[in-house]
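J.: Given next are the chains, with one letter for each unit.
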Amino acid sequence: GENVEQHPSTLSVQEGDSAVIKCTYSDSASNYFPWYKQELGKRPQLIIDIRSNVGEKKDQRIAVTLNKTAKHFSLHITETQPEDSAVYFCAPKGGSQGNLIFGKGTKLSVKP
Amino acid sequence: DTGVSQDPRHKITKRGQNVTFRCDPISEHNRLYWYRQTLGQGPEFLTYFQNEAQLEKSRLLSDRFSAERPKGSFSTLEIQRTEQGDSAMYLCASSLRPAGSTDTQYFGPGTRLTVL
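Respectively, the protein sequence lines represent chains A and B. With this note's numbering, letter number 78 in the first sequence gets 78, and the count goes up by one each step, no holes. With this note's numbering, letter number 50 in the second sequence gets 50, and the count goes up by one each step, no holes.
Among the hints, erroneous ones may be present.
With a Cα cut of at most 25 Å, we get these calculated DSS-like pairs of lysine-lysine [as the list claims (entries may be wrong)]:
1) LYS57/B - LYS71/B
2) LYS42/A - LYS11/B
3) LYS104/A - LYS57/B
Chain A stretches covered by chain B per the calculated footprint, using a threshold of three residues with CB under 8 Å from any CB of chain B [to be verified]:
4) 42-52
5) 100-106
Selected chain B positions facing chain A (Cβ under 8 Å, derived; list incomplete) [claimed, not checked]:
6) ARG31
7) TYR33
8) PRO43
9) PHE45
10) ALA53
11) PHE74
12) GLN105
13) PHE107
14) GLY108
15) PRO109
Quick caveat, the hints were computed from the structure, so don't treat them as lab data. Given the structure is predicted, the values throughout are model-derived calculations rather than measurements. All C-beta atoms, glycine included, are put in the ideal place defined by N, C-alpha and C.
Model the full assembly from the supplied sequences, consistent with the hints where possible.
T.: Spelled out as structure tokens, the structure:
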């Protein structure tokens, strides 16, 4: 089955700095690569996703880059704000499966 | 209401009791997923439905767990003879799967189960 690893597990940045979280996966058939944000006690919320036929996608301060050859994709947050503080999960989906496989999460802390 | 809803939001039960949770997906969504999340971990897949059909079940879904989606709309997840290890947040997600496309999953608020 799919093996998903996420790094780092914790990340602390100063407000205004950039944050990068990397996710590696093992299933070469994976074709969908979302990132979810989960605040304490809340549901996971999709913040950005990318399909396998695209290398990069950007939405305001958030971007995702995909390297299918190396089997990893990364979340980039620029100009971080305290409200970006949360746990972020990558959750690639295999080609033959309907479900998402979540990483263990990265706890991002943005210090004012 | 345009989002995924779950009921109840919290459930406290004694070991050995049966519990049932309900999930109402976004109305036009044909796929419905159940995940379980324990503290400090990412959600783990349990099972999913496309319309009424249960298409996949995880090895995590022991024979004490059963899920249904009888009319292709809401779904129920039942846990029989609960154990303390069943304590977790149970999350439901739904998606619209058109042919030839990859669906985006939207999560409900979850049901937090505590087994005493």
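J.: Broken hints, numbered, in rising order?
T.: 10, 11
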